[in-house]
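**Student:** Sequence:
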Amino acid sequence: MFAEINPQVEGKGGISFPLRRMPITELKPAPYNPRIPLEPGTPAYRRLERSLQEFSLVQPIVWNDQTGHIVSGHQRVEILKDRGETDIPVLVVSLSTEREKALNVTLNNRQVGSDWDQNALATLMTDLVDLPDFDATLTGFDERDLNDFLFTPDPNFEPEEEEAEQNHVLVTLEVPPEHWTEIQQDLNEIIRRWRVPVHVQLPS
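Residues in the sequence shown are numbered consecutively from 1, following the UniProt record's numbering.
Everything labelled a hint here was simulated from the structure, so no lab data went into it. All values derive from a computational prediction rather than experimental measurement. Think of the CB as a built atom: it goes at the ideal place given N, C-alpha and C, for glycine as much as any other residue. Check the hints yourself; a few may be wrong.
[As the list claims (entries may be wrong)] No farther apart than 20 Å at their CA atoms in a straight line, the calculated lysine to aspartate or glutamate pairs in the EDC-like style are these:
1. Lys28 <-> Glu85
2. Lys28 <-> Glu39
3. Lys28 <-> Asp87
4. Lys101 <-> Glu26
5. Lys81 <-> Glu26
6. Lys101 <-> Asp65
7. Lys28 <-> Glu78
8. Lys28 <-> Asp82
9. Lys81 <-> Glu54
[As the list claims (entries may be wrong)] Listed next, with one range per pair, are the computed distances between beta-carbon atoms:
10. His168 <-> Pro18: 44 to 54 Å
11. Ile24 <-> His179: 51 to 61 Å
12. Gln185 <-> Val129: 12 to 22 Å
13. Val169 <-> Glu39: 29 to 39 Å
14. Gly41 <-> Ser114: 27 to 37 Å
15. Asp145 <-> Gln111: 17 to 27 Å
16. His168 <-> Leu103: 35 to 45 Å
17. Arg21 <-> His179: 56 to 66 Å
18. Gly41 <-> Asp87: 20 to 30 Å
19. Thr123 <-> Glu26: 37 to 47 Å
20. Leu103 <-> Trp180: 39 to 49 Å
21. Glu174 <-> Arg21: 51 to 61 Å
22. Asp65 <-> Asp135: 33 to 43 Å
Starting from the given sequences, assemble the full structure and let the hints guide the process.
**Tutor:** Quick look at the structure:
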């Protein structure tokens with residue numbers, strides 16, 4: 001039915017969770033899973049698909065042997081199925097249905113964990129972008145993302161035509177170049193807190 005893999009992951013109290021290689025057809029999606037499935041061909045699907053192609057399955061699928069449900073990794077399993085994979089490594093847990101549901105939410109909950117440090121992220125991404133012969137979009141950020149949080153002009157950006165009724169507020173700031181570095185820190189905080197896009201046009 002499946003093959004044991006030697007490595008194990010140690011959890012609370014020294015409990016080890018075995019890694020097994022399972023037939024992908026035996027991994028049942030959790031019927032209650034609250035995550036919206038990725039549609040093939042969408043940007044998010046392509047990003048995850050590319051990550052699996054480049055880095056393989058470095059984060060195991062979590063599977064509950066008490067119910068047969070996938071606890072975490074539904075999207076990756078679907079992509080691997082589409083790719084023709086027949087068996088994949090999974091991290092095995094033994095949980096009641098109630099605890100399985102709680103773990104499903106925890107592992108997918110963006111409120112669990114910290115936010116980006118925008119300054120550190122911008123520095124890191126700048127380092128990657130500046131590397132010769134390295135594709136920084138391997139991080140999962142596309143070219144527009146890189147332009148947005150690195151505050152570099154998008155050469156393909158065209159202002160949208162104004163609609164009769166706009167459903168958002170447009171704010172234009174004119175910043176003296178000598179104050180740009182200081183103001184950029186404040187913009188980083190606005191982006192982090194409010195998750196709003198910022199478009200920057202630097203002087204030529």
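**Student:** Tell me the hint numbers this structure goes against, listed in increasing order.
**Tutor:** none
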